[in-house]
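A.B. asks: Residue numbers (the working numbering), protein chains in the order written: chain A, 1 to 323; chain B, 1 to 149; chain C, 1 to 347.
Just so you know, these hints were derived from the structure itself, not from any lab.
Note that the Cβ used here is the ideal one computed from N, Cα and C, for glycine as well.
Treat the hints with care, as some may be off.
Computed footprint of chain B on chain A, listed as stretches where at least three residues anywhere in the stretch have a Cβ under 8 Å from a Cβ of chain B [as the list claims (entries may be wrong)]:
hint	region
1	190 to 196
2	244 to 256
3	270 to 282
4	309 to 321
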Amino acid sequence: MTELIKAKVSELLANQTADRVLGWKKGEFFYDETPAVFQAEELDDLVYDGFSAPNLSKYLIKESKKEGKVIALLKPCDTYSFNQLIMEHRINRDNVYVVGVPCRGNLDINKIREKGIKGIQSIKEQGDELIIETIYGTKTLPREEVILDRCLCCKGSQHMVADEVIESGEPAWEAKADRFEMVTKLENMTSDERFAFWRGELSKCIRCNACRNVCPACSCLQCVFDDPASKVQAKSNADDFEENMFHIIRAFHVAGRCTDCGECSRVCPQGIPLHLLNRKFIKDIDTFYGEYQAGADIEAKGPLTEFNKDDVEPSIVKERGGK
Amino acid sequence: MSLNEETKKEYKPLIVAFCCNWCSYAGADLAGSSRLTYPTDVKIIRVPCSCRVNPLFVLRAFQRGADGVIIAGCHPGDCHYTSGNYFARRRMTLLFSMLDYLGIERERTRVEWISAAEGVKFSTTMNEFAKTIHELGENKKLRDLRCEE
Amino acid sequence: MMMYKINVDRLPELYAKMAESRALYLPIEKNDQVEFHPWNADACVRLDKLNTAKSAKDLFFPQTENLMKFKMQGKNISIEENRDPVEPFVLFGVRACDVRSFDVLDKVFLADPVDTFYQSRRENGVVISMACHEPEETCFCHAFGIDAADPAGDISCWMVEGTLYWKPLTEKGQALTETVSALMEQAGDQDQAKVEESQKALHAVMEKLPLYDLDLTGFDGDHLLEKFNSEKWAKLSEACLGCGSCTFVCPTCQCYDIRDYDNGHGVQRYRCWDSCMYSDFTMMAHGTPRKTQLEKFRQRFMHKLVYFPSNNDGMYSCVGCGRCLTKCPISMNIVKVIKALGGENHA
Numbered sequence: 001m002t003e004l005i006k007a008k009v010s011e012l013l014a015n016q017t018a019d020r021v022l023g024w025k026k027g028e029f030f031y032d033e034t035p036a037v038f039q040a041e042e043l044d045d046l047v048y049d050g051f052s053a054p055n056l057s058k059y060l061i062k063e064s065k066k067e068g069k070v071i072a073l074l075k076p077c078d079t080y081s082f083n084q085l086i087m088e089h090r091i092n093r094d095n096v097y098v099v100g101v102p103c104r105g106n107l108d109i110n111k112i113r114e115k116g117i118k119g120i121q122s123i124k125e126q127g128d129e130l131i132i133e134t135i136y137g138t139k140t141l142p143r144e145e146v147i148l149d150r151c152l153c154c155k156g157s158q159h160m161v162a163d164e165v166i167e168s169g170e171p172a173w174e175a176k177a178d179r180f181e182m183v184t185k186l187e188n189m190t191s192d193e194r195f196a197f198w199r200g201e202l203s204k205c206i207r208c209n210a211c212r213n214v215c216p217a218c219s220c221l222q223c224v225f226d227d228p229a230s231k232v233q234a235k236s237n238a239d240d241f242e243e244n245m246f247h248i249i250r251a252f253h254v255a256g257r258c259t260d261c262g263e264c265s266r267v268c269p270q271g272i273p274l275h276l277l278n279r280k281f282i283k284d285i286d287t288f289y290g291e292y293q294a295g296a297d298i299e300a301k302g303p304l305t306e307f308n309k310d311d312v313e314p315s316i317v318k319e320r321g322g323k
Numbered sequence: 001m002s003l004n005e006e007t008k009k010e011y012k013p014l015i016v017a018f019c020c021n022w023c024s025y026a027g028a029d030l031a032g033s034s035r036l037t038y039p040t041d042v043k044i045i046r047v048p049c050s051c052r053v054n055p056l057f058v059l060r061a062f063q064r065g066a067d068g069v070i071i072a073g074c075h076p077g078d079c080h081y082t083s084g085n086y087f088a089r090r091r092m093t094l095l096f097s098m099l100d101y102l103g104i105e106r107e108r109t110r111v112e113w114i115s116a117a118e119g120v121k122f123s124t125t126m127n128e129f130a131k132t133i134h135e136l137g138e139n140k141k142l143r144d145l146r147c148e149e
Numbered sequence: 001m002m003m004y005k006i007n008v009d010r011l012p013e014l015y016a017k018m019a020e021s022r023a024l025y026l027p028i029e030k031n032d033q034v035e036f037h038p039w040n041a042d043a044c045v046r047l048d049k050l051n052t053a054k055s056a057k058d059l060f061f062p063q064t065e066n067l068m069k070f071k072m073q074g075k076n077i078s079i080e081e082n083r084d085p086v087e088p089f090v091l092f093g094v095r096a097c098d099v100r101s102f103d104v105l106d107k108v109f110l111a112d113p114v115d116t117f118y119q120s121r122r123e124n125g126v127v128i129s130m131a132c133h134e135p136e137e138t139c140f141c142h143a144f145g146i147d148a149a150d151p152a153g154d155i156s157c158w159m160v161e162g163t164l165y166w167k168p169l170t171e172k173g174q175a176l177t178e179t180v181s182a183l184m185e186q187a188g189d190q191d192q193a194k195v196e197e198s199q200k201a202l203h204a205v206m207e208k209l210p211l212y213d214l215d216l217t218g219f220d221g222d223h224l225l226e227k228f229n230s231e232k233w234a235k236l237s238e239a240c241l242g243c244g245s246c247t248f249v250c251p252t253c254q255c256y257d258i259r260d261y262d263n264g265h266g267v268q269r270y271r272c273w274d275s276c277m278y279s280d281f282t283m284m285a286h287g288t289p290r291k292t293q294l295e296k297f298r299q300r301f302m303h304k305l306v307y308f309p310s311n312n313d314g315m316y317s318c319v320g321c322g323r324c325l326t327k328c329p330i331s332m333n334i335v336k337v338i339k340a341l342g343g344e345n346h347a
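Isolated chain A, as found in the complex:
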């Protein structure tokens, strides 16, 4: 796949469709890829595989404001974020040439480690299996056992926007787990149980801001939590309250704009399931105001920038009790 992509972008660079490529750069090991901008002569380090998890859309805010045109490699689910940023006028579409790349579902290095695999020397994807060489011996794992959680409820293999799509010929990743399963489970708990669940999770927060900074929907020039005039600026959670406040507001600020790309949970160094906050908003929006997928259609109006005269009243929250 990497070779196919390299050939395609080399061609596009050669015929001057664009002058650089935004993609993933090979890491030190076999799983630590870094987003990078490549010039034609640097393409050797470009890589695309199961570990190309970072969503590159957010980098285009800056990249598309530079001179020239950039080729952006976007996985199907990254294109939702890209569209959303187009809707919000954050990306200069004219300066981006989107090359859609097929996705087989991203791999989760933490899940691989949880399987007791240590001292990794190399990881090879072979069909539906991963062959992992470690200093303690060779291990084989079925690919589907170590898929990143977000990919277990994939939005599909279609690119929402692309100037060109690279076909792999391989079967597309299809996983249709119910993405609201855990949200529903939480809703069915008692209020106290939910409180205990979220205290347990949010008390792990170290306020590193990784969730916020990686989020393609969080693109404010200055976040309210960094602004001394906001009175809520803080660099640490000095009280439980601040843990709650930060995460409620973070999720609320992206409500209706969150495409459910799952980057927040992927990057959390403390393993907090942050996507469960975003998905609660998505589920409520779907229930109250009709199904809506942010980033699917750039003509659609966002659910919080629109209203109906017969919308439900806030008292619905009390009436349906927890749901």
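Starting from the known structure of chain A, arrange chains B and C on it as the hints suggest.
C.D. replies: Chains B and C in isolation, oriented as in the chain A frame:
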């Protein structure tokens, strides 16, 4: 009265009411001039429109010791700015639902539409809400310990 | 000093005994995350876990701590010192890299003027270290001259075939050992041989690690400007998100901010970790001295690999624990920086 009862501190809830300038705040005025009462536990903060209420305002009220937060605005269709309350309605529905999801008592938050002519509604709403909060007791789940005396 | 041993099955007794007189912190799993938490009988102890998610520095340099309180009463302001109380504690199961990080922090906080908050925690804490068992590809402590098989601390421990070997190294360690020695047996020459054998085995594994020979040539005060002015920083920092994950999981990052929280009737002054990756790091009236992410990114690595060693007799302020390698959202880390600017790439 026994000594015990004397020293027992009576629970005084703190309720923050964000009232829109054009309808609900005027409703509170009418309640006053009509000699209708509402509990002194309710502290009114005047806002230009119910949609001025940022979710952070609600959270900050709780942080600073509120036991209940109520947002009062013009009836849907009667917004001074045409549609502000419709947006507020969506936002507050989602925010309240999120607070409930985090295990915060759902009775602590409320939205009510009160027009300038509804002094009676203002008074009964506030009395009712204060009673609910009184029964719920202190807000222990969403408070900041640094703000306590 | 004498070495002792105890069977793994009897460890809970050992924990209970130590916890009688003071708080005992161990790598404990809670909500799927292993961190140093206070031990109790129901705790899920994970001595097998190579590294805790956050480092052990939290015990000596917590993320937030109270300094003082200002109370306003009418026109009077009263000042009250309300530092968090520190009581004797034991920190059990610290890896060699994290133990070294305490030396790095000591250089900062115990130098004149002494940070009494840190000092009192250091004096009250007994560090029991644990030799590594199955190191990871992300480990590179060897590059900093740390021996994972022979960790420092007040007491060193080795886990060999279901037995924990325990060796006090300092007076503090000896004093703690005396309170629990009744539970343990004295180790003999044969045991000593077993420990040495396990150390050899670990060394053999370490040599196979991909980052074992990480070359730090060129990272010193003499090459400060050359490193500072390198053109490579632009590419290295390009994808940095400016989050603080690396700094907050790092055992040696020691920057902090002192902030006032106005609670409406007074002010709580507290200190909290800060991150050089943040936009408001070292913010002054005229703004921040490092405006771009490139400068912020460069600062972090220059500090660890150049400024710190040139001010502290060559001691790097990185211990090779590898946490930032696994936690960075975009997998940009100190190893990539070292490889790009040092070793064979060092001009």
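A.B. asks: When I compare C-beta atoms, does the region 244 to 256 of chain A have three or more residues closer than 8 Å to chain B?
C.D. replies: With 7 residues close enough to chain B, the hint holds.
A.B. asks: How does the region 190 to 196 of chain A fare against chain B when you require at least three residues with a CB closer than 8 Å, holds or violated?
C.D. replies: Answer holds; 6 residues pass the 8 Å Cβ test.
A.B. asks: Verify the coverage statement for the region 309 to 321 of chain A against chain B, using a C-beta to C-beta distance below 8 Å and requiring 3 or more qualifying residues.
C.D. replies: holds (count 10)
A.B. asks: If you look at each residue in the region 270 to 282 of chain A, do at least three have a Cβ nearer than 8 Å to any Cβ of chain B?
C.D. replies: It holds, with 3 qualifying residues against the three required.
Checked against the numbered hints above, the structure violates none of them.
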